[in-house]
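With the hints as extra help, turn the sequences into a complete structure.
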Amino acid sequence: MGLSVQFLWLIPALPLLAAGIGSIAPSRDRTLASGTAIAALALSFLLSCGALLTALANPADHATHNFAWFELGHGAVRLGWLLDPLTALMCIMVTFVGLLIFIFSTGYLRADARFKQFFCFLSLFAAAMLGLLIANSLLLLFICWELVGLASYLLIGFWFHKPAAAAAAKKAFITTRIGDLGLLLGMVWLYDSTGSLLFYDGGNGVLEPSVLAALGGSTAIGLLIFCGAVGKSGQFPLHVWLPDAMEGPTPVSALIHAATMVAAGVFLMARVFPLLTPDALTVIALTGAITALMGALIAVAQNDIKRILAFSTVSQLGYMMLAIGVGSWTTAIFHLLTHACFKALLFLGAGSVIHAAHHEQDIRQLGGLRGPMKTTFATFAIGMMALSGVPFIFSGFWSKEAILHAAHAWDVSQLPLYLGLAAVVLTAFYMTRLMAEVFFGAARSDAAGHAQENPPTMTVPLGLLAVCAVGLGFLGTPYWPWLQHTLDPLAHVEAGGYGLMMVSIVLVALGLGSGWAIYGRKSRVKSSAADPLAVRAPSVFAFLAARMKFDELYAATFGRLNHGLAVFADALDRHLWDGAVRFFSRLGEFAGVVNRETDEGALNGGFDATSEGLRKRAHSYSRAQTGDAHGYLLMVAFGFVVLVFAVLLGGAR
Numbered sequence: 126m127g128l129s130v131q132f133l134w135l136i137p138a139l140p141l142l143a144a145g146i147g148s149i150a151p152s153r154d155r156t157l158a159s160g161t162a163i164a165a166l167a168l169s170f171l172l173s174c175g176a177l178l179t180a181l182a183n184p185a186d187h188a189t190h191n192f193a194w195f196e197l198g199h200g201a202v203r204l205g206w207l208l209d210p211l212t213a214l215m216c217i218m219v220t221f222v223g224l225l226i227f228i229f230s231t232g233y234l235r236a237d238a239r240f241k242q243f244f245c246f247l248s249l250f251a252a253a254m255l256g257l258l259i260a261n262s263l264l265l266l267f268i269c270w271e272l273v274g275l276a277s278y279l280l281i282g283f284w285f286h287k288p289a290a291a292a293a294a295k296k297a298f299i300t301t302r303i304g305d306l307g308l309l310l311g312m313v314w315l316y317d318s319t320g321s322l323l324f325y326d327g328g329n330g331v332l333e334p335s336v337l338a339a340l341g342g343s344t345a346i347g348l349l350i351f352c353g354a355v356g357k358s359g360q361f362p363l364h365v366w367l368p369d370a371m372e373g374p375t376p377v378s379a380l381i382h383a384a385t386m387v388a389a390g391v392f393l394m395a396r397v398f399p400l401l402t403p404d405a406l407t408v409i410a411l412t413g414a415i416t417a418l419m420g421a422l423i424a425v426a427q428n429d430i431k432r433i434l435a436f437s438t439v440s441q442l443g444y445m446m447l448a449i450g451v452g453s454w455t456t457a458i459f460h461l462l463t464h465a466c467f468k469a470l471l472f473l474g475a476g477s478v479i480h481a482a483h484h485e486q487d488i489r490q491l492g493g494l495r496g497p498m499k500t501t502f503a504t505f506a507i508g509m510m511a512l513s514g515v516p517f518i519f520s521g522f523w524s525k526e527a528i529l530h531a532a533h534a535w536d537v538s539q540l541p542l543y544l545g546l547a548a549v550v551l552t553a554f555y556m557t558r559l560m561a562e563v564f565f566g567a568a569r570s571d572a573a574g575h576a577q578e579n580p581p582t583m584t585v586p587l588g589l590l591a592v593c594a595v596g597l598g599f600l601g602t603p604y605w606p607w608l609q610h611t612l613d614p615l616a617h618v619e620a621g622g623y624g625l626m627m628v629s630i631v632l633v634a635l636g637l638g639s640g641w642a643i644y645g646r647k648s649r650v651k652s653s654a655a656d657p658l659a660v661r662a663p664s665v666f667a668f669l670a671a672r673m674k675f676d677e678l679y680a681a682t683f684g685r686l687n688h689g690l691a692v693f694a695d696a697l698d699r700h701l702w703d704g705a706v707r708f709f710s711r712l713g714e715f716a717g718v719v720n721r722e723t724d725e726g727a728l729n730g731g732f733d734a735t736s737e738g739l740r741k742r743a744h745s746y747s748r749a750q751t752g753d754a755h756g757y758l759l760m761v762a763f764g765f766v767v768l769v770f771a772v773l774l775g776g777a778r
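In terms of our numbering, the sequence shown opens at residue 126 and continues consecutively.
It should be emphasised that the hints constitute simulated quantities derived from the structure, not laboratory data. All C-beta atoms in this analysis are idealised placements derived from N, C-alpha and C, irrespective of residue type, glycine included. A few of these clues could be false.
Said to hold, decoys possible - Have a look at the derived ranges for each label pair, beta carbon to beta carbon: (1) Gly200 <-> Leu310: 19 to 29 Å; (2) Pro288 <-> Ser639: 36 to 46 Å; (3) Leu678 <-> Thr156: 40 to 50 Å; (4) Leu615 <-> Leu310: 27 to 37 Å; (5) Ala616 <-> Gly198: 34 to 44 Å; (6) Asp733 <-> Val766: 36 to 46 Å; (7) Trp134 <-> Arg302: 19 to 29 Å; (8) Thr344 <-> Ala716: 54 to 64 Å; (9) Asp536 <-> Ser639: 30 to 40 Å; (10) Asp536 <-> Glu677: 31 to 41 Å; (11) Pro334 <-> Trp134: 22 to 32 Å.
Said to hold, decoys possible - Quick list of in silico lysine-lysine cross-link-like pairs, BS3-like style, CA-CA up to 30 Å: (12) Lys674 <-> Lys651; (13) Lys499 <-> Lys651; (14) Lys674 <-> Lys295; (15) Lys674 <-> Lys287; (16) Lys296 <-> Lys674.
This is the structure in structure tokens:
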């Protein structure tokens, strides 16, 4: 039974309701918080499956439900839902992988005092991400986009009592805001140019042919929107927040780095693909290729198990952006879906190791876990081979090959292809290093020596993700490209290119073989033993271990610039503005004194003197009024005589 587009809002509404229930539930009631969150996401998964059935009935159709949000002047701000195969498949992926992460979390954080708050934040995160996916408006997408950022801040900094976690949360929030500002400017520019932010609106949407033709193509708008994706999806140069986000609980790492937050940027660029001009696509392709190689290089020299996977995520997101840049957004979504499964598997597998090894994350302190943690080892190995692109069983091989073939067919430049091929061998190498250091050899610490397999609440999700890491790839092989044709019925998928495939296979074998030769055959016995690569190339290894010193570079440039501006602003405030305020304050005081003296001394004194003179004259005049009638008649007679004499004297002359 399908799900109509009018009811698509139920998919994000259910986890949002679970977040609300969790926020008011008693802290001691763990079952209510976790059970509500898991049940809500399970129902959202079923609704997403129904949405896919509806979308598959007519894959080329973009079913919408638009409505007026509020009146603005003579018009209205309109939002809406959009149902097509891209929306439905992404919703299924987010709800399915998220559901398994939720279940895994019940075991991983069962002893945490803030267990209830954790599931509340998880549900809020899932609701925001699902709202982003169903949006038919760039404005609604941006609203949910920012809610995803808020929820990620809360989750990354969940253990805020740790200074590193609090700092990582702030770093993620601020860094992604830089990209979001570009996205906001692109939205404003697009609205000014088209008068709408709806994707599809009966021929008047910004992604529909008539509006695109009138817009005429704008590279600037596409690149500004891409800025948002650069921040959210950890692309160079805004990738620095992503590895630090490992300070959050491991289920958060899986949720952010696998199925949800980092996928939002790739989804955004796939959604607005018709807006992108050739020049914008070129920038996207080169950015993705650089990110893919850079992430793989840095991952080679990391020792924290989660940071290795974090830089692996940076690299794989680079592959996805590369695919979009060379014009194959369906291939990017194919890799996004496969990556969500095997990277969630790897992160949860890492969480299983960390949980069993008493929260030890340094691979130099592990080793020998293959025996006591057989389920984790087997499933982690499947995820490792899928990520490395081992042929022909694992999903990562098919999605990665699709990207490389798309890059090979790009007629602008072959540079993205060469950078992608270099990342292929590095990916296989650092994942072999990770497997050898964690699972092979002897235990190099008491934590690893006493590790035991985790309960089914943690291992069952690993098994389900392992199945997906194998089977999902067969939905998009060049011989049966169901996924690409479902997303875009006009998509062209090459079935040839065996030469390039063989080159890729050889590179994967080279990476696996060299990794095993260096780390597998002679596993380190002591945790203090130097890394073999550090012995062979100490300066290069130290540079990569320091993450190419991007953080130091930003601290020395933007950090110092920001500090200098802050010092300058403080000096202005203290000396210029504060001095000006004090000057005008004293001037006001002086004016007040002058006004008081003028008022009291001149105005009031003059008024008082005048009043006193009038009073005295009035008093003198009043004394002349005796009230004696004879006296008044005498005065009148005297005045009359004086007047007569004056007249007579005047007439005589």
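(message) When the structure is checked against the list of hints, which entries are broken? Sort them ascending.
(response) none
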